Amino acid sequence: MRKLSFASAILEAQEYLLANDPSVFVIGLGVPTNAGVFGTTVGLVKKFGPDRVLDMPASENGMTGMGVGAAIAGMRPIMVHNRVDFAVLAMEPIVNQAAKWFYTYGGQVSCPLTVRLIIGRGWGQGPQHSQSLQAWFAHVPGLKVVMPTTPSDAKQLLIAAVNDPAPVIVLEHRWLYDTVGPVAAQSTGEQLGVSRLMAEGTDVTLVSCSYMTLECLEAARLLATIGVSASVVDLRTVSPLDMTTILGSVEHTRRLVVADTGHTWFGISGEILARVAEAGINLLSRPLRYGLPNAPTPTTASLSDVYYPRAIDIARGISSQVMGANAPLLEDPDLGKPLDWPQRAFTGPY
Amino acid sequence: MTNGWPHELAPYFEMLRIRRVEEAIARRYSDQQMRTPVHFCIGQEAPAVGVSMHLTLADQVMSAHRNHAHYLAKGGDLGRMIAELYGRSTGCCKGRGGSQHLIDTSVGFAGAAPILGSTISIATGIAFKLAKFNPGEVVVTYFGDAACEEGVFHESLAFASLHSLPIIYVCENNLYSVHSPMESRQPDRPIAELATGHRVPSFEGDGNDVAEVSMLASTAVNRARNGAGPSFLVFNTYRIVGHVGPEVDLNLGYRTQDELDHWERKDPLVQEMRRLGLPTAAWKELSDQMEDSITLEIESAFRFAIESPYPDAAEVALDVVPS
Ligand SMILES: Cc1ncc(C[n+]2csc(CCOP(=O)(O)OP(=O)(O)O)c2C)c(N)n1
Ligand SMILES: [Mg+2]
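As they're listed, the protein sequences go chains A and B. Per UniProt numbering, the first sequence starts with residue 1, numbered consecutively. Per UniProt numbering, the second sequence starts with residue 1, numbered consecutively.
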């Protein structure tokens, strides 16, 4: 199959949606510019015109409300905010209105609004430009929350989100934008709410989403070098949460590790641990979770390694859980490399 | 502003100093040691300098993402600013904030935050306090044309007007929000008119002419000091380099070489020199003196930053809440 970058896959999904549904429009700050929201909207205005591909004033609160209105009137808006942190200004229409519209008015009118929000890590993004607030959205009944990891999912799940009658929040991780993978040319009719087993192993189940799934796959690779075999489950959709794959795997491995791009406390990892506990599965060792500490993001690159969990942290935690004091020391393959940016070619600023 | 130069030359010197600081950051930016998004103010030095001339140490200033000029013109410590960009523990936020979050409470620079519009309302709260407890002191909050698109802009101006708060809202209209031109974001009407509906007097001027800025700022600051309430100042200006980072971004195609040339001719430093009747015969010597003292100050600030330690690992979860 042909390969595309994560960013191009998002672009292709929007092209497909705009071409196939006249009620779709894309709006967001910088959407029609040549930079095109990190390349994810480049060229759309040329193909579909300024009526359907729009720039947006820095009025997140009002514009998201406008999106809710357009959606309940029958349109399928795709609204983009360049950072999840900017969408904090849009929480009112998302949380109070979009999430509750269908329920409150007796299931008569749905609100098929899709909000694309960008999250990230590192390179000095600091406390107000790099949060991962999926737990906020997932906590609200009525919202669906999608966090794609692969380029294929970036495309297919965005199409599913826009076609879904519910309001959907899609969180895209900046460190995934340049990753490349196979992407089907057509829409595959993917549904939301289905997680995926990315690697199958026998000793431990790693559950994660978005960029952290890549760290978990790398952790699984590191663990394999010392004979520990790990399953990796990629959530894909955070809400509704598909527990079938997770429970099936944990019943088999009886060990659970959850990694999330957001804060550990009161977040996605706690929810998954709770659900596994509720299912009554007896674990062989304490479950582990990896996420951000209970502190805002410091800007200085010097603290990125203590702030952001990486594959080596996960793999070392698991190896001592599985092998105890006998665990061989795993080498850190990224020792000495700058840890606050996705690839060496990147020179900032974001 | 007491930079040691005669009154007549002080604004020029201050703008030159800010320009040279920004150029020094730009030169070293590609070393990858300042890993923080820097929004350069090259070309936009005049509003900060022309306004700060009328402020005392006790007066409070806030800014947003493009804040270096505002911080420096208010007297913010240069060494601690550079150390902040380098992510060092001696930085003005101990490395936690970076370029977008400068602070120097010792000179009344109360903070800067990059969420558009946020410091418009926060500054209004400071003005609320000053009105009650520190009569005669004023607040200035700087922001860009795009921040006027946020609802808090109107909410804040209405409240400041209602309570006659001692605040000056300063909008630097540089025509762009990132790469988006005015036409795609705002209807064709003067930004200055946004305030008048709230009964906040509004003044618009050439933001590349420090004398004009100073004249308008003087009126607004006096109103605030004397309890006459808020004002809105709109300064038309232009950023010479890209939205973020030091490159001139003509390759992105959202602005033209002609437009850039037009604004470079209106460079605030060039305009001020012309107003001062410079260069005169004595100018060369004066100018060398200025450049030398600025170079020394900048070199020592960078040395301070580079020789400073990084925060240690334990600091990552320090100060999350006051203990
Ligand atoms: C609430 C919010 N929305 C969007 C952004 C992204 N953003 C950062 S700077 C910027 C442009 C701001 O333009 P303006 O206020 O005119 O200031 P300038 O950069 O031109 O100085 C935008 C949109 C943000 N920081 N905060
Ligand atoms: Mg602007």
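Hints listed in this document are in silico derivations from the structure and should not be mistaken for laboratory results. Small disclaimer: the values here were computed from a predicted structure and weren't measured. Be a bit skeptical, because a hint or two may be false.
Listed next, the stretches of chain A that the computed footprint assigns to chain B, with coverage defined by at least 3 CB atoms under 8 Å from CB atoms of chain B [stated by the list, open to error]: (1) 19-29; (2) 124-138; (3) 249-255; (4) 291-298; (5) 312-326.
Sample of chain B residues lacking proximity to chain A, with all beta carbon distances greater than 12 Å (derived) [stated by the list, open to error]: (6) Ser89; (7) Leu260; (8) Gln289; (9) Ala314.
Stretches of chain B that chain A covers, calculated by requiring three or more beta carbons in the stretch to come under 8 Å of a beta carbon on chain A [claimed, not checked]: (10) 11-24; (11) 155-167; (12) 231-240; (13) 264-277.
Virtual Cβ for every residue (Gly too), placed ideally from N, Cα, C.
Now the hints, each set against the structure:
1. Counting residues of the region 19-29 of chain A whose CB lies closer than 8 Å to any CB of chain B gives 1, which falls below the minimum of 3, so the coverage claim is violated.
2. Chain B is given as covering the region 124-138 of chain A, and this holds because 6 residues of the stretch bring a CB closer than 8 Å to a CB of that chain, at least three being needed.
3. Counting residues of the region 249-255 of chain A whose beta carbon lies closer than 8 Å to any beta carbon of chain B gives 0, which falls below the threshold of three, so the coverage claim is violated.
4. With 5 residues having a beta carbon nearer than 8 Å to a beta carbon of chain B, the region 291-298 of chain A meets the requirement of three or more and the stated coverage holds.
5. With a threshold of 8 Å between beta carbons, the proposed coverage of the region 312-326 of chain A by chain B is violated, since 0 of its residues qualify and at least three are required.
6. With a least beta-carbon separation of about 8 Å from chain A, Ser89 of chain B fails to lie farther than 12 Å from that chain, contradicting its non-interface assignment.
7. The claim that Leu260 of chain B is not at the interface with chain A holds, since no C-beta of that chain comes within 12 Å of its own (minimum 16 Å).
8. The Cβ of Gln289 of chain B lies farther than 12 Å from every Cβ of chain A, with a closest approach of about 35 Å, so its non-interface assignment holds.
9. Not every CB of chain A lies more than 12 Å from the CB of Ala314 of chain B, the least distance being 9 Å, so the non-interface label is violated.
10. For the region 11-24 of chain B, the stated coverage by chain A is not satisfied: 0 residues place a CB nearer than 8 Å to a CB of that chain, which falls below the threshold of 3.
11. Three residues within the 8 Å Cβ limit are the bar, and the region 155-167 of chain B against chain A gives 0, so the coverage statement is violated.
12. With 0 residues having a beta carbon nearer than 8 Å to a beta carbon of chain A, the region 231-240 of chain B misses the requirement of three or more and the stated coverage is violated.
13. Beta-carbon proximity to chain A at under 8 Å applies to 0 residues in the region 264-277 of chain B; the threshold of 3 is not reached and the given coverage is violated.
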